[in-house]
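Number of protein chains: 2
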Amino acid sequence: MVKSKTWILKKHFEGFPKESNFELREEVLPELQDGGIDNSYICFCYLFDASLIYHNPFASDVLVEAIYFSVDPYMRSLSKMWLKEGDVQYGTQLIRVLKSKDSAFLEGCHVVADCGWRTHTVTKANSPAGPILTQIVSEWPSDIPMSLALGSLGMPGLTALYGLEEVCKIQPGETVLVSAAAGAVGAMVVNLQVVGSAGGDDKVAYLKELGFDHAFNYKTVPSLEEALEKASPEGYDCYFENVGGPFFTAALKNMKPGGRIAVCGAYNDTAPQMCPYPHHEIITRQLKLEGFMVKRWRHKDEESVKRMLKWKKEGKLKTKEVVTVGFENMPIAFMKMLKGDGLGKAIVKV
Amino acid sequence: MVKSKTWILKKHFEGFPKESNFELREEVLPELQDGGIDNSYICFCYLFDASLIYHNPFASDVLVEAIYFSVDPYMRSLSKMWLKEGDVQYGTQLIRVLKSKDSAFLEGCHVVADCGWRTHTVTKANSPAGPILTQIVSEWPSDIPMSLALGSLGMPGLTALYGLEEVCKIQPGETVLVSAAAGAVGAMVVNLQVVGSAGGDDKVAYLKELGFDHAFNYKTVPSLEEALEKASPEGYDCYFENVGGPFFTAALKNMKPGGRIAVCGAYNDTAPQMCPYPHHEIITRQLKLEGFMVKRWRHKDEESVKRMLKWKKEGKLKTKEVVTVGFENMPIAFMKMLKGDGLGKAIVKV
Chain A
25 MVKSKTWILK
35 KHFEGFPKES
45 NFELREEVLP
55 ELQDGGIDNS
65 YICFCYLFDA
75 SLIYHNPFAS
85 DVLVEAIYFS
95 VDPYMRSLSK
105 MWLKEGDVQY
115 GTQLIRVLKS
125 KDSAFLEGCH
135 VVADCGWRTH
145 TVTKANSPAG
155 PILTQIVSEW
165 PSDIPMSLAL
175 GSLGMPGLTA
185 LYGLEEVCKI
195 QPGETVLVSA
205 AAGAVGAMVV
215 NLQVVGSAGG
225 DDKVAYLKEL
235 GFDHAFNYKT
245 VPSLEEALEK
255 ASPEGYDCYF
265 ENVGGPFFTA
275 ALKNMKPGGR
285 IAVCGAYNDT
295 APQMCPYPHH
305 EIITRQLKLE
315 GFMVKRWRHK
325 DEESVKRMLK
335 WKKEGKLKTK
345 EVVTVGFENM
355 PIAFMKMLKG
365 DGLGKAIVKV
Chain B
25 MVKSKTWILK
35 KHFEGFPKES
45 NFELREEVLP
55 ELQDGGIDNS
65 YICFCYLFDA
75 SLIYHNPFAS
85 DVLVEAIYFS
95 VDPYMRSLSK
105 MWLKEGDVQY
115 GTQLIRVLKS
125 KDSAFLEGCH
135 VVADCGWRTH
145 TVTKANSPAG
155 PILTQIVSEW
165 PSDIPMSLAL
175 GSLGMPGLTA
185 LYGLEEVCKI
195 QPGETVLVSA
205 AAGAVGAMVV
215 NLQVVGSAGG
225 DDKVAYLKEL
235 GFDHAFNYKT
245 VPSLEEALEK
255 ASPEGYDCYF
265 ENVGGPFFTA
275 ALKNMKPGGR
285 IAVCGAYNDT
295 APQMCPYPHH
305 EIITRQLKLE
315 GFMVKRWRHK
325 DEESVKRMLK
335 WKKEGKLKTK
345 EVVTVGFENM
355 PIAFMKMLKG
365 DGLGKAIVKV
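Chains as they are written, first to last, in our numbering: chain A, 25 to 374; chain B, 25 to 374.
A hint or two may mislead.
To be verified - Using C-beta positions, here's what the derived DEER-type ranges look like:
{"#": "1", "chain 1": "A", "residue 1": "K334", "chain 2": "B", "residue 2": "G282", "range": "24 to 34 angstroms"}
{"#": "2", "chain 1": "B", "residue 1": "T308", "chain 2": "A", "residue 2": "S162", "range": "52 to 62 angstroms"}
{"#": "3", "chain 1": "A", "residue 1": "K108", "chain 2": "B", "residue 2": "G259", "range": "17 to 27 angstroms"}
{"#": "4", "chain 1": "A", "residue 1": "E326", "chain 2": "B", "residue 2": "K193", "range": "25 to 35 angstroms"}
{"#": "5", "chain 1": "B", "residue 1": "K193", "chain 2": "A", "residue 2": "K360", "range": "36 to 46 angstroms"}
Stated by the list, open to error - Below, a sample of chain A positions facing chain B; criterion: calculated Cβ distance under 10 angstroms:
{"#": "6", "residue": "S247"}
{"#": "7", "residue": "G282"}
{"#": "8", "residue": "V287"}
Calculated from the structure, these hints are not laboratory results. Glycine is no exception: its CB is placed at the ideal position from the N, C-alpha and C atoms.
The task is simple: from the sequences and hints, build the whole structure.
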């Protein structure tokens, strides 16, 4: 009999998340079931965005154990859309397969999956109702921490890569502005001519260490618009948008004609914010804005992770993590990350 | 000695334009000067957006007389950016060349130019300081009114064409939403599967006559969002954005995933309006927005006008004009157009 600790979303977030939004519970997991048809032989597939995800309604069960959890800003905004009160809080984890009745997921293999905030899970591998299990690339080097599969070498890293390459279609020598630049995604926008904005002098120092040409503390500059202009008087070719709010409005006014904006995030609002309609700048500067979600390029993920792993091995990728230890500290780690405390990708180690 | 009547921008617009913003004056025009180098032989060129505009600083003078004026929404918003009080109001006209010292612009030829609200103008043909003179295509059929060179077969028509073809990259069978659909640009978005929104039941009837599949009066529907959903429950592939304001916010919520939005205009505000930051819809629906100005494709204009002329000759293009007679009625025609009175392109006949 395996027990799992779970963090339940007790009350939907109103404003900034509080500890009282969550409740820690324990549940007994069911025994593993044999689905009858092996996952490695028969798969159903359907179109999910631009990529094919293989689902097997007859898959057999696996029992998985979380090693690392990712806490990310989108978990705040999506929980109201996707969860009802009493559900397990949504989230992503790096897991080890403890027991398996599915020959495609062998015991001991490592997988990334959105199993929510729970230490143990019994699930079918990629059944239509369950989470998608993605094995980490088989060539993962032993000297690279596997937790990076949740950060620089996982979803946030891929988000940065696709935002720059697929959405902005960045060219050598172009000037890129990135907001929330010390965040998990922002910090990956590196080795490029970048002006980074972050909310703290320690973060600014961190950004300069990462290789940013300019970085400023948006909380202390007297005018965002002027700070952006000072950092790049010629304007910006691309803007990697992670924040929304007044920064967006100021960034629009500093774009070069024909500038491209990758709209990636705008999550850290305590209340819905209002802005002037952005049409004037969008029209007169003939800007392109494109919203995107990382899963659009899922078919490229394996090859992309391998590219990034190579850069990491070559020392070209500087990665930093803020690791909170203990599953019982999930809500605290989540709130710290939302407040912008800590430099680097927020991770919880079970 | 030639005299010109001119409408001066006496006071910048505060809120909705009023007659008192303008003042009618008369001025004596200078004699025509010989620039020394013929416009047809030597040209300077420089990059203007994506197209080459030929300028000749040594060009000789031409005297032109306005036949038709265009009154358009952008004249309101641009006047504060481009004009100071006491300047001639900005605007476009179809003119006839009365006298010419420039062999590239023969007496009697017809030209479109941004000479402002003045009946007569002495200018150099395409000198760096003056307006750009664009001759209407030489094949202009005698049975097609030349005033259409300011409307369906001119800038507004080209705006509709480029917005659909170049920005939205519209495909057969796609659903297009257009706001201000009874306006000069909107009404050109025709012969396509289009849902049109306009501000009046007479306009809705006009749109249905133009061939729109659905049209509704945005002033009388109880909910914009619901009206948009009802008209196309599957959502919209493309949105041709002409208005800004709450319509924009409602449209975002009705776009299909991956939808494209051509951001063309947002001019008819009496005060700067605020909207919720549009990030959530842009990201989750992975929308593309692109601002554009018609001049980006100037190099295609001649070929595009010829295509549209062909459609007009074949009866595929339904065009409608609201013609106000008399130069002294320019401000009245301008305000009527801004208020949305009248069905079709607003034109003033001198």
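So which hints don't hold here, by number, going up? 2, 6
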